[in-house]
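Participant: Sequence:
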Amino acid sequence: MQDLAYWLPVAWVAVLGAAVALYVVLDGFDLGIGILFPVHPEETHRDQMMNSVAPFWDGNETWLVLGGGGLLVAFPLAYSIIMPAVYLPVLIMLLALVFRGVAFEFRWVAKPRHRMWDIAFAGGSIVAAFTQGIILGTILEGISVEGHAFGGGTFDWLTPFPILIGAAVVAGYGLLGATWLIMKTDGEVQAQAREQAKLLLPVVLIALAIVSLWTPFALTRVFERWFTLPNLFWLAPVPLLTAYAAWRCWSGLQKGHNTAPFVATIALFLLGFVGLAASNLPYIVPPTFDIWQAAAHPSSQLFMLVGVLILLPIILTYTIFVYYTFRGKVRHGEGYH
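One rule links them: number in the numbering used here = place in the sequence shown (from 1) + 40.
Do not rely on the hints blindly, as some may be mistaken.
[What the hints assert, rightly or not] Each computed DMTMM-like pair below joins lysine to aspartate or glutamate, with the alpha-carbon atoms no more than 20 Å apart:
1) Lys369 to Glu83
2) Lys295 to Glu235
3) Lys151 to Glu83
4) Lys295 to Glu228
5) Lys238 to Glu228
These are calculated hints, taken from the structure and not from any lab test.
Whole structure, please, built from the sequences with the hints as guidance.
Facilitator: Structure representation (structure tokens):
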């Protein structure tokens, strides 16, 4: 039982990490489509953009449910501290996702009087992305804890660092959306998306650099994790690979490649995720509780993990099947609605 008490939280962190990473990448590009909506005023362009994600967008949000539900069942103490700290951003995010989802369905049937749904789609995407960054930034900055409960106030999340992360996530999702459009569309939409990606990539890199410098100098524990030996040698590949992924993205944009910029952007996000994990693990409520202190009883974790391990391959298989079925470009006038 002692071995289970040690390894089950590790296994659950791996499951939750995979769920969060898949959500950020998969829902990130379709939120990015909404973020780019205001700079594509042409109706035919907007139709083509939405059709490029129409078969995927609702399935992409499965991973958000797994991440939130998994945190509750595997680390209830962490859930009980984190949620009160970010109740308002979480509520706003969920409402934004609802408006965005409804807009996806209603926009087509409301034509030609669908301007309200265009606003709901774009606004919901931008707000959802921004609040996700707010939530992440609040957790990274550190949540006030008293005993085993949240000890802060309703607006503790309203500080410069979470706001910076929120803006960075909007820019990052916009880049994912632009590189997705390069890969999945053609004509004017693709050409405009390529130019937008060239503008967004430097913004994302500047945001990454600011966060990478801000966190170690603001938080001693992060500085010690990255800039003490032998950690410095073990973690050095992360920024080096990030620089390489950024170069590959820019090179693909300049050379007119279709797929390389999207793959390189995914690599940027995953490397950023690895950097955040390296900075904070094994803490799940930095810097107060680690994964073992916040874990549910091993019997509860084991029971739920068995269910997840049965369902996860089914979900992954279905996801791969959908992406394979709807592979290829979405050209002008084509769609799945």
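Participant: Hint by hint, note whether the structure agrees.
Facilitator: Going down the list of hints, with the structure as the test:
no.: 1; hint: Lys369 to Glu83; result: 19 Å, holds
no.: 2; hint: Lys295 to Glu235; result: 12 Å, holds
no.: 3; hint: Lys151 to Glu83; result: 11 Å, holds
no.: 4; hint: Lys295 to Glu228; result: 17 Å, holds
no.: 5; hint: Lys238 to Glu228; result: 16 Å, holds
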